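Chains as they are written, first to last, in numbering that gives the first Met the number 0: chain A, 0 to 386; chain B, 0 to 386; chain C, 0 to 386; chain D, 0 to 386.
Just so you know, these hints were derived from the structure itself, not from any lab.
All clues given are correct.
Identical copies carry no separate label here, and so any pair may be met within one copy or between two of them.
No more than 20 Å apart at the CA atoms, straight line, and that leaves these computed lysine to aspartate or glutamate pairs for EDC-like:
| # | residue 1 | residue 2 |
| --- | --- | --- |
| 1 | K376 | E241 |
| 2 | K207 | E159 |
| 3 | K123 | E159 |
| 4 | K376 | E249 |
| 5 | K376 | E331 |
| 6 | K123 | D179 |
| 7 | K123 | E259 |
| 8 | K376 | D263 |
| 9 | K207 | D101 |
| 10 | K376 | E334 |
| 11 | K376 | E305 |
| 12 | K376 | E259 |
Given the structure is predicted, the values throughout are model-derived calculations rather than measurements.
Protein chains: 4
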Amino acid sequence: MSLSPRFHEPRLQALLPDLAASAAARDRDGGHAATEKARLREAGLLNLSIPRAQGGEQLPWPDLYRAIRRLATVDSALAHVLAFHHLQVITVLIYGSAAQHDAFLIPTREQGLWWGNAMNPLDKRLIATPVAGGYRLSGIKSFCSGTRGSDWLTLSAHVEGQPYPLLAVAPTAQARQLDDWNPIGQRQTDSISVQFEDVFLPDAQVLKRPNQAPTPAQTLRNCFAQLILVNLYAGIAEGALEAGIRAVRESRAWNSAGVEQRVDDPFQQNRVGLLDAQLAGAQTAADRAAELLALAHARGAALSAEERGEVSVAIARAKVLAHRISLSASQELFEMTGARGTGQAEALDRFWRNARTHTLHDPLDYKLNQLGRWRLKGEWPNPQFYA
Amino acid sequence: MSLSPRFHEPRLQALLPDLAASAAARDRDGGHAATEKARLREAGLLNLSIPRAQGGEQLPWPDLYRAIRRLATVDSALAHVLAFHHLQVITVLIYGSAAQHDAFLIPTREQGLWWGNAMNPLDKRLIATPVAGGYRLSGIKSFCSGTRGSDWLTLSAHVEGQPYPLLAVAPTAQARQLDDWNPIGQRQTDSISVQFEDVFLPDAQVLKRPNQAPTPAQTLRNCFAQLILVNLYAGIAEGALEAGIRAVRESRAWNSAGVEQRVDDPFQQNRVGLLDAQLAGAQTAADRAAELLALAHARGAALSAEERGEVSVAIARAKVLAHRISLSASQELFEMTGARGTGQAEALDRFWRNARTHTLHDPLDYKLNQLGRWRLKGEWPNPQFYA
Amino acid sequence: MSLSPRFHEPRLQALLPDLAASAAARDRDGGHAATEKARLREAGLLNLSIPRAQGGEQLPWPDLYRAIRRLATVDSALAHVLAFHHLQVITVLIYGSAAQHDAFLIPTREQGLWWGNAMNPLDKRLIATPVAGGYRLSGIKSFCSGTRGSDWLTLSAHVEGQPYPLLAVAPTAQARQLDDWNPIGQRQTDSISVQFEDVFLPDAQVLKRPNQAPTPAQTLRNCFAQLILVNLYAGIAEGALEAGIRAVRESRAWNSAGVEQRVDDPFQQNRVGLLDAQLAGAQTAADRAAELLALAHARGAALSAEERGEVSVAIARAKVLAHRISLSASQELFEMTGARGTGQAEALDRFWRNARTHTLHDPLDYKLNQLGRWRLKGEWPNPQFYA
Amino acid sequence: MSLSPRFHEPRLQALLPDLAASAAARDRDGGHAATEKARLREAGLLNLSIPRAQGGEQLPWPDLYRAIRRLATVDSALAHVLAFHHLQVITVLIYGSAAQHDAFLIPTREQGLWWGNAMNPLDKRLIATPVAGGYRLSGIKSFCSGTRGSDWLTLSAHVEGQPYPLLAVAPTAQARQLDDWNPIGQRQTDSISVQFEDVFLPDAQVLKRPNQAPTPAQTLRNCFAQLILVNLYAGIAEGALEAGIRAVRESRAWNSAGVEQRVDDPFQQNRVGLLDAQLAGAQTAADRAAELLALAHARGAALSAEERGEVSVAIARAKVLAHRISLSASQELFEMTGARGTGQAEALDRFWRNARTHTLHDPLDYKLNQLGRWRLKGEWPNPQFYA
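The shape of chain A in the complex, shown without the other chains:
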């Protein structure tokens, strides 16, 4: 019995062996994980973040983050897709009206709908033009993770003359999907571009108008997103460390090691010890940030900018730690396997490729800079930009 049992979502745990078994092949082939996404849906995992009021399970986000992290140990691309589905659910909850909560989330639960993300804030090419009863959407949005196979998208669009982005939802079918995602890692996140060609967006689908500044409570959306990445990175690190430990357990020691079995090699022991400690630091910081985020979210509209800043600092710290351990664990994995771990069929390099690909969308240099400016100058991270 453990002093401090951690939540493990049992339906997800049941899927992990199959997902692990196919992960190398799916990494090689890339493309869309239709079968696997169907299994996640059938297991009911799309309902985890939906409130009980809309018939969902309302799993606390700290537990949801742990579930995502666990999934990322075997497949960080699929974990990204599932996590981003839930990010869109919380986006509707944060920005939408009570009526919109019901209108979008009850069908999500009843029909097992998937949500994709078209809210990339750096890409301002999607334009919304006001018309009677809504807007017309035209333009492109890149890096729309989870779009393929989804039913609805959240999106941000620029409205001329307006200070803030319009936030809205739209049926995925209304957008053309471009086949432009073929990276070295995170290959099955479907992070393609989508194109809207003069699509009508009715007011009922608008979550936030472009003249409204987001409140501190609303900008927690970015915190929810950032903390997903933290847990993906930490999951990749844990998956790499676990793969390394398996290899060490199953291998003979190097021939000048002076011991027979690799588990008795002192250098392997200390390598595992250091990675374990560093990973524990990242995981603990991630869990702590999740608790703060849940506290902040529960505070609702009363949340102050300072409290919001406090959450974002906790997440940034965890992100720095998770970023670094994801790269070092996935690199050190090979010191654990030795040369026998370099077969392409096993694709053990996918941990590093996944970490390396995903960690670039928000550079470590500028994440450190946010933290340093806050400590030195008291500046909170900009809530509208990767924080």
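Starting from the structure of chain A, add chains B, C and D where the hints point.
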């Protein structure tokens, strides 16, 4: 208002400015901090860990650890002395009978007594010989932190033919104090050797007889000690980072930096950002370990070896992180101050010397090894030896 | 004009653009680089190490190493194949008689023959059985880099009851080639296994009999091999750094960088600065080791075990430095490119995959151990084993 | 016999044991090393850099640098003083006329004079006012290493309305010495401030007038200075590693190490191996830079700005490597000694304090920046500023 206010012991906070002001001079002079120890006692800080049953404050250990960490930011030697006083209190509570709790802790509270430590497990030169009604003690014990100026000592002694050490308490006045502590750091911990010369130890002072194996719950004593060190290291790191931040705020930038003020130097910002994140990882892991330790301690005699092992793993992880950040923050401090920080009067090198001295008593190599063996082979850290 | 012009083999330089242009595609496809090997041969690059006495160019090995390193910046697999060709040439020179020098190296020069390597010392499955006029060879040898498309192999074989391996050469056509090389990196080194099935090995092809201990001068063969790996790693690092520098020059800065162009980003500047310095350390150490190796080789049979040890220490030091910078430069490359560098078509991850694959065949842990044992205990690295 | 014997100045070697024996005490006391400076002079070591034309030894600078590095292994403060004496000699040679060479260096050799440094370029408080036959000097100059006990100073001064500093020499006795050097490390470098109070500076003592831009060949003076620092840092690192190796050889292993002697502890072996390799990288880069510097200096007035830049890049690379290893070796020293190495009497922390103090006068951040800007943008390091 903070989302997650941390405990700050107000009486300790009130003492910090004076302790900080004299820290450099006391580091230079070394020796015994009689004045400062008197102020800690007068402030009532010796009662923090004493149970309410004995008239004490019964502060939860997670809060006590935070108080020690805070004190260590300005004076890690004094923090060690105060923390080790409380370590002896919990030692009496863990190993002593109810009668002993009253016999030793009520006077401690009423008379403001200090406790020192003569339990160094690596030094087996103190011998206890059974006699009628007790034992006779002879021999030396080294590294007895907090002995000078203390009223009572806890001690371990070897009894011939017995499998385990005898654990006991004795009045400090019964031991001769050797003047053999003059290190490069942690200079005011009074970690001298003490010598007993045929001293009678009555049964009433014996906490554990040498034929009794300690239970898992009892070996938590080592966990309490280890987690003190973790918090001392983390406190040193925080103190160094704070000193560096002060220097950056008050200094001009390097002349080719392209900015006027050092707070605007991007390299200083990112240095602070990285140290802040790494320190947060160590602190969070330390806090988490303290929660687990408190849980385990509360379980009492029911504690299993596995649960005890779980606590020791959490502490070892935090110790690895705190060890590393204490050295790197105290070294990087000087990149923040630049050459103007190298004056001997300010003694900013004391953070590094304190960290460097204290981190050697339990080598990082073998702490990593404990963690690695546990992850690879499932071996719990040896509860009787630095874990 | 440079103070210290470095050798650049002009025929090789002329080939680099084409090799660079096809490197990503050939990394993807793996298999045998027939076209590229033909071009290296046509350029006369197989003759570089052949002595003038046999009609070759007798390029000093320090220059040859620099040429290999340069080739490795664009294609470390092909560089491995070319370097190992020359390793077999020097093997014939070191172990062979004057008659064998002529018998094997004159045709190599005249006919543009390629040599492959079947001397992997860890694999003892190839057995030579003495018969009249020679031996019969049976068994398998793994990791025979450069075998495919080669004309001759050097090989080591075990002879029952004999203390040392037999060293010999054999026509590649006499061995069956197994299709068992499909790794994550160094994909075109053709490091397949070969199988001999009762093949007659005439005495004229035997370089060293199994009852002869190799002399210190002969064990320089391992030094030549080790220093090839050093220069491959350093070349990978240089290639990665150059790719990163190109990306930085062509990219816009991150949007919160406060500058327009990425070359003006202070963090990119300092990243490049650190990698440049560390790479220079590895390169300088590699060059210095090459000078020592050339000195030692020139000493011939007079070479003492201590002098041989001195060379191996210099190489081991350079190998540690090159190993580390190859991994860090190929990882940091992506901080330079940002997310736009993660396209699979460009395959910029091949630098890391190449480094990661190749650095595992002689673990860093035990290379450090050789150096440490030498410094602490005066033990020279074992000349028969990766040193 | 070694393949590649390194120069060891025998007169210096003979002094090292005594200097090592008193180093800890002199570090504690600080102040002026009069006795030790007298011994260096008596040994003839002040003549090493003086040309044969002025009766000196004209030791090649690469050898002189190695001698300085060797001295720095036991006493980096004294090494700084001796090296800076030679820096002033080369300054007179670089900037002075043939007549000045004779006028200043022949007495230096004949009378065994010491030179100190008042050329700190960041401090512009020393003013030279033109008068008939020369200038009048007034003002302060800080960080004038080697002033105490010296006979002559080189100095730079600001002349109003002039674009460049005036460079000159002056008798030390003409300046008032301030007692303002009491740092945590490099305690015996006598890097005090000096004050000139309306002192007449005759034209004969002027090396360079303030309207003359220095030529590339002249700005090599900064390269000579920078490379001194490189070798001081590398010497500190080597001294720390040697101290650590001695401690490992003389100590028992940690009690859970599984071996008796510390030299057999695998972690100690690999720690030494890594430090040895990194130090070798720094030393090799320093030697290489010294060869380039000697080449450049030999080129005389023909030296181009590009060639000068090439030298400065080589030195900057070596400086980065030496800076880093000086800090890590002096920190890791204590992992080698364990707790028994922390006695204040032995003062083994002086390696770290010396490294930490000396490395701050030219921040690593901006040294990396110079290298990065050169690699990315082709900008040579500014020859007038720490390069």
